[in-house]
Each structure stands twice: as structure tokens, then as C-alpha cells.
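There are 2 protein chains.
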Amino acid sequence: MNETKIILPDRDIPRQWYNIMADMPNLPKPPLHPGTKQPIGPDDLKAIFPMSLIEQEVSTQRWIDIPEEVHKIYSLWRPSPLYRAHRLEAALNTPAKIYYKYEGVSPAGSHKPNTSIPQAYYNKKAGVKRIATETGAGQWGSALALAGSLFGIDVTVYMVKVSFNQKPYRRIAMETWGATVHASPSTITNSGRKILEADPDSPGSLGIAISEAVEDAATHDDTNYALGSVLNHVLLHQTVIGLEAKKQFELAGDYPDVIIGCCGGGSNLGGVSFPFLQDKINGKQLRVIAAEPISCPTLTKGEFRYDFGDTAGLTPLMMMYTLGHDFMPPGIHAGGLRYHADAPLVCQLYKDNLIEAVAFGQTACFEAAIQFAKTEGLIPAPESSHAIRGAIDEALRAKEEGKEKTIFFNLSGHGYLDMTAYEDYLAGKLVDYAYPDEKIKEALAKLPVI
Amino acid sequence: MNETKIILPDRDIPRQWYNIMADMPNLPKPPLHPGTKQPIGPDDLKAIFPMSLIEQEVSTQRWIDIPEEVHKIYSLWRPSPLYRAHRLEAALNTPAKIYYKYEGVSPAGSHKPNTSIPQAYYNKKAGVKRIATETGAGQWGSALALAGSLFGIDVTVYMVKVSFNQKPYRRIAMETWGATVHASPSTITNSGRKILEADPDSPGSLGIAISEAVEDAATHDDTNYALGSVLNHVLLHQTVIGLEAKKQFELAGDYPDVIIGCCGGGSNLGGVSFPFLQDKINGKQLRVIAAEPISCPTLTKGEFRYDFGDTAGLTPLMMMYTLGHDFMPPGIHAGGLRYHADAPLVCQLYKDNLIEAVAFGQTACFEAAIQFAKTEGLIPAPESSHAIRGAIDEALRAKEEGKEKTIFFNLSGHGYLDMTAYEDYLAGKLVDYAYPDEKIKEALAKLPVI
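As you go down the protein sequences, you meet chains P and S in turn. Counting along the first sequence from 1, when you hit position 150 you're at 150 in UniProt numbering, and nothing is skipped either side. Counting along the second sequence from 1, when you hit position 336 you're at 336 in UniProt numbering, and nothing is skipped either side.
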């Protein structure tokens, strides 16, 4: 492909999401009730989710229709462009071809609206008036705030405190779309108050913020909960990324040898890779790599076992690679990657060797991000910089080996609302927090044995 | 048009810029030397501009070729999408059709790279090592920083102090692309020191920052100067916006009745409207409206006469609508509109009744911006919000009159690097500074009579 990018017309926005549960060799083990430790049924979830999303959560149907109204809103930014990184390739002097899909074209600046829009849509249809949620760096919170404004639903966001302080622009964006934002842990919920009693200076974590949002939803009749990653239906919605990319690669006359996505909860990685993994399951040669931070090395250092999705233990237990639900990751700038576990779908596929994982320090990621910005132009989100690091490393390896290789990564979002991260990097203030193995062992030792 | 947007393929990026000087009924009067007050020649400019840009500045050739390398870099974000604002129309319940072209897709988040890229290209070809420039809100500075990083040219930016303080994210973005940024007035130049002596708390202005950048370029052999608006060649480069839009309207089977652009120095307005004005000059019915702030009402309250482009009087005198070159506009958030005059091309066309003008307070503009964000999704740059205000007002007028009308505005940039402006608005802290008529008279009384 000699062009810089391939853009599909509006009519090529997918009409159906791809459900990998129809094709994966082993389905994830069922989620368990946090009290009884028995597999949960739809009734256990309906206090906080609309039934249509619960159905998607458990469906094994391969293709699931995208509602017309969702499709229409998708067209505000989709199809997103597929770029060939000619200028980065030249700077690296690599024989590898590097492609990236750019999800920062969405109004919230990341891939997150791919799922916030359908989630708001199904909640609206179910008559829900308000949605409570958590957010790390603020990408998911912004996406749900945007979706709330488009569907006329109130949105309350519990934002991890370290990000709330590091990323004021994200908070203001959520408020511009009309959402209410609280720093988490907050004094509004029991979960938040309990954490603050034990540690008044708690920087917060995604696990804590989830506890707060779930509690908020469970204790208010008109309020549902929404999650920006981890759950099956979230990853399902994100497959529009990979589906479009497959069509774009077809037009480019190419196919990836390796696909790289940053991985926090797994929705970005799942979204870009699952439609390609269908081919791999059917025999195609292909590597899929999850890029995670060394400060929160879920796949590379975690254990595959049942754990809660949140810190307070309010959510069902899910079968995941986990660092322990009260694991407190350091306050790195890629707040969206600070989650103690990963989506059960991603974890099962990792277990079954369909996905690989690699962990990077944040300094190396920002170095890659700046090399990207200076060649390709766009300033990436700190989360996405992990995928760029992975792609550059693969390209440099291809150069060493003198091999042609087609590398594809998802640029999940832009960094224009996260510029303080770059300021810290440029000022030499960033630290690489590798999380100590013994601390991981300690956290895991506390988990319920199931 | 039922679709949400029309996106052209890479091959439809224009191959030539459109030069309105070939068609306008009256050419602008020539610029005069600041010392001799005689018309300047190419030699007077070559200390700070490469000859190829000087040639474009004076050319009356209708079509000017876009160099291949510039065309290639344009393809990193161009062609930009043309949207039909279905959701905003519905919210306004207007019979009018509203279209907008979105220039925020560029890596710098605005239309400015349309000219920073060719300017850096021609300077690079001329062997220039460093470019000095000014910036208001930071959109032009970011665009030149980006261009510098793509062509390997050092960039020094004098950023108006009030914006430097209000918009740290813009500064960090420039630094991420490798530029050096100084708050202006600075202690680095004679012009800056002189201003600071008279007023140590000066918030700065575009006029002052231009003086500093011109002085920097004029006093360093390896350094040229670049301007982000006002000059003929800058407006020429921006015509890619209008040229693409004409093709997109053709595909939509529509044509605008009214085109609205925010107007600070005039490059955005010129870029979007000149290719359509060619039709108007040839007899087509069409209104073109410049939307400016009441705090810096150049066209609506200024006088048409010779004035300097900068505060210190270092630049040639140009025939412009001006508020006087030492006019100090209040520190509104739309920093890119805080310029004491307008492009000579825009001014001449305004004089000749081919362009109209309207002025808005910033509160009304942010109100429009938020209505836009809540319906169309994107959060606009404060500058662009002036065009949105204008478009919404036109749409509401169409509703009152019960008339169908096709309204087209340029969404010149996004606001993700300017979120403090929204924070101030949401906190009720914004003030509408209407600039007093007597102060304008005072500033104009000081101008040289030519």
C-alpha cells in the first residue's frame, strides 16, 4: 500500500458485532456469585444492567446485530482510518510494514465510545434515567458522558483520584458533556468511606472506583451501572475496530503477521484482535500481543484464578489472570491500564496460547510515543504508547533479522487530554515502577480459594 | 444528504491551491516599507522569508501547484470530513440544513498545519535551520512545531503570555514535537523588553509576539520567520479546505447559501470561503460571514487604512481593517482571534461587499459550543465556537422565517487542548468584554497617516 491511509465510506460501518464466544476453543468458566460462590444467572445482574446487555454477556451467537440508532451515532466518527506508518518505518529503517488504526477520531478521543453508545442505547430503551460508572484516566468516563448527552441519560462518574488530579482536562470534558464527576475514593459511598478510613491518602484504583459505582447503582432504583471494559458485551462492541480493519487490510492487499494492542481491562485488545483471531482459530498464521505496563503486569505476572472485579468484593467472581483485587498499582500516567485483572475472554485466550503478552516500563513507552509524534504527527494517549512500544520493538527485531513483516497496532486514543504526562516525561520526572513479585504473591495469598 | 459525513479518498486531496488574487475585483493595495513608506519589493522580505513564499505572496496566478512532499504530508489527515449536522438541526428544530467541515482531524487539532507544512517545506528547501514564530492560543505554534518535527527544522515560538498561562497543554504539545516556547512579552528580544519596561504585567498580544519573532528572525542568519495568518500565501495554502468542501458539496448534491468562518487573522475564513467566492464573483448567490469576538471587533468596528502587522512597527504597513497596532484586546479564551487587524485579502473583500461580518460575546459562543458538543459530540476550539454561534443564529433565523437554507461553517479546530476555557464557562466565570468604541478611536488616532 503506497497511500497513507485507507478510509471506508459510512456504508462500510459494520452492521453486526463479532462474538468470539462462538469460535473460541474453550469458553471462560462462568462468573460466580460473590456470596454463594455459585454460577450466577441473568437475575443476579438485572439490578444494575438492562436485560439486552445481560443477553449479550452470555450469548454464544457468532454475529449480533448493531441497532440502527447505534449505527447512526457510530457514523459520527466511524469507520476510523487505517494508516500505513510510512514515516515511522523510514525513521526506524525497518523492512517491516507498520499499520495502525486510529480510534482517536471519536469525539471522546478513544475507542471507548464504541461501547458507551450501545450501552447508553440499551439502558435508554430499558427506561433507565441515570448510569453510574468508574473511570481511570478518564477515557471511559468521557465516552459514557458523551453517550449520556446523546441519549439524554444522566451520568455519574467515579474517577480514580490520582487521574482526577493528573488529568483535569478529562474531568472538564466529562462536565462539558453534562456528567457529574467525583474523585474516588469518595465520601459518597460506603465502599469509598471504608477505603478512606483505612488510608485517607489513597490514590484510588479502578477496583475501588468500580465498587463505588456498583454500590451507587445497586442502591438507587433509577440507576444502572456500566463498565468500560472486562465484560464480554464490552469486548463484543469493540469488535467494530477489528472488523473494519479486516476490510481495510483487504483493500490494502495485505494481512498482519502480528497485532498489538495495549491491555488494561482488555477491551481495546479484544476489539482490534478478535475478528482476526477467528482466522487464527481457523488455522491462519498470526500473533496477537497484549502490551501491558510493568507496574500492573496482569498477564505476565498474575495467576489464572477466580477473583472479584472490584476491590470491595461486590461484583461476581470471574476467572481471570489477576494480581489480587486489592492490588494497588502505582500511579502511572496510563491510568487506563491500572486494573488488577483482565477480561475473562482475553484471559482464556491467553491461557489457550492464542494471545501473547509483554510488559513495558512507562519511560520506554513515552520514548516510543514521542518518536511516533515526531514522525506520524499524532500525539498518542499514554495507554496507546504501550502498543507503539511493542510495534517499534517488533519492527526493530524484523530489521535485525532482515525479515519483512506486517505489524498492525491499534492507536486506541490521542493524548491531547493527557498532556501533563508528556510534561512529566519531558521534564525527566517519570519513574518506571516495576511491581515487586513478593507484593503480588502477598495480594494473591489473600484471594478466596475456589 | 442522508449520510452523516462525506469523506473523500486520499487521491482527492487538491493538487493546486486556489489564488483569489486572480479573480477579486480589486487587489489589495501594496504593503509599504515601515521606514520609507514606499511599496516594498521581494528584496525587503528575503531576510525573513524564502523566495518561493515571497513569490506566492505577490502572485496573481489562479492555480498554484502543491509540492508532492507537502501533498504526502497533507494525507496524514486530509481530506478532512464534511459533516451534515443532523443532530444539531433536530435540536434546533430548524428547516435549515447545517454542514460543517472538521479541520480538527489534523495532528495539531486545527486547520493551521495546512500552511505550516508548506511553509516548513519551502524553508527547508531554502536551507533554513530554524524558524521563529508567534502564537496566540497556541494553535499556530503547535502546527509549526509539528511541521518542524516532520522536516527537521528547529522551531522557536513566542506564545502570548495570557494564553501561555491559560493553555499549558498547548505549550506541552509544542514541546512534545520538539519546539522551544517562550511566554511573550519575553526578556529575549528588544521588543519584548521594551513592552515589559512599560508594563511588567502585560498579558501580551499577537502584535507583540509577532514583533518578537520577527526581531529574532531578523537578527539571526540561520533563522526565518513564519506567520500563521494574515499574509496572502497563508490564505492561499488554506484554500485546500474550501476546495475539498466544494467537491464534497457536489457529492452531497447541495451548495451553501451561507458560509461562516471565525475570523482572527483571516486564514480560516479565507481558506474555507475563497474557492466559493470565486463562484460568487462569477455571479452565484452566496453570503460569506466572518464571525469575530466583540472584544476584538476588527471588521465590525475597525477602520480600513494602512497599519503595521505588529505592535513594535517592524513589519510592513498593510491595508487592513484595524483597531490600531497597539490595541490590547482583553484576554478572552479564543486567543487566536485576538489580533488587531485582518488579512489584507479578507479586508479588501469585505470592503468590496463580498464578505459580511458579525461580532459575538464569548459567553454566547461557549453556549453554542456546548450545544454543539452535546448534539454532534465534538468539543470545539473556542475560536471555532464563534462560527458555530453564527451558524446556529442563521439556523434559528431560517426557522423564524420558515425558510429552507443551506448553512456551512468551518469547525476549524477541536478544544481538547483548551479545556480550561470550558471550565471557566461552566463555573460561570466568563466575562463578555465588549471593546469600548472610544478606546478604539484613541488607538486609531495614533496611527501614521498615509
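Hints may contain errors.
Each pair may be met inside one copy or between any two copies, as identical chains are not told apart.
Unchecked claim - Straight-line alpha carbon distances no greater than 30 Å define the calculated DSSO-like cross-link-like pairs of lysine-lysine that follow:
# : residue 1 : residue 2
1 : K247      : K29
2 : K124      : K351
3 : K403      : K72
4 : K405      : K72
5 : K246      : K72
6 : K72       : K247
Hints in this document: simulated from the structure, not taken from any laboratory.
Inset, instruction - Please name the hints from earlier in the document that this structure breaks, with their numbers sorted from lowest to highest. - result: 1 and 2
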